[in-house]
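Here is how the chains run, residue by residue.
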Amino acid sequence: GAGVSQSPRYKVAKRGQDVALRCDPISGHVSLFWYQQALGQGPEFLTYFQNEAQLDKSGLPSDRFFAERPEGSVSTLKIQRTQQEDSAVYLCASGTRGLGTEAFFGQGTRLTVV
Amino acid sequence: GESVGLHLPTLSVQEGDNSIINCAYSNSASDYFIWYKQESGKGPQFIIDIRSNMDKRQGQRVTVLLNKTVKHLSLQIAATQPGDSAVYFCAENPDNYGQNFVFGPGTRLSVLP
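Heads up: the protein sequence lines correspond to chains R and D, in order.
Per the numbering used here, residue 14 is the first one in the first sequence, and the count goes up by one each step.
Per the numbering used here, residue 518 is the first one in the second sequence, and the count goes up by one each step.
Read the hints as simulated data drawn from the structure, not as lab findings.
In this text, all values refer to a predicted model and were calculated from it rather than measured experimentally.
Beta carbons are placed, not taken as given, at the ideal position from N, Cα and C, and that holds for glycine.
A few chain D residues facing chain R, derived, Cβ under 7 Å:
hint, residue
1, Lys559
2, Phe606
3, Gly615
4, Phe618
5, Gly621
6, Gly623
Construct all of the structure, not just a fragment, from the sequences and the given hints.
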């Protein structure tokens, strides 16, 4: 389909391991968002890109979290030295403008740190 | 009726009845609000939005009401169907120039046959 694609769908990491989560946005979408969703809670903002520019990274919880979108399309969220509290679903959304009618979320990557 | 579950408030309604899901938001400066539906194993799906210069907006079977005085949003679903069973989130944009939306804790809607 032509929706937002995230991979892997599930990831199990040992504590201390580095992980990379990929988001393929809808073609032509300039805006890209990453959210973190803990079990039983609402999504929490991590970061926002407009094309390749990271305009807001205020939600990244620590310097272990890093996101990039070097060519303004595919984005990668990297987590270094994973900890158990990083276990969550990581959601990516893309849109023509901001979050709203023209933005769509992917299915997310469920990260479990053991 | 409503009950507080382990993680989420739950609203149980009979199929065909109307549902009302409530949300209290935190920032009086928020100017844009969105309701999302999230089914198990899926990402949030846009339902309807409203700007702060409106107090009501209608879509197909859904209506959003905004009360800025008490910082309250509600989502009304008419003639609730089994396919409406999901977790519903409200989201506010507390920064007019940013995109760091704040999501509420969510309400689980359960439609009874």
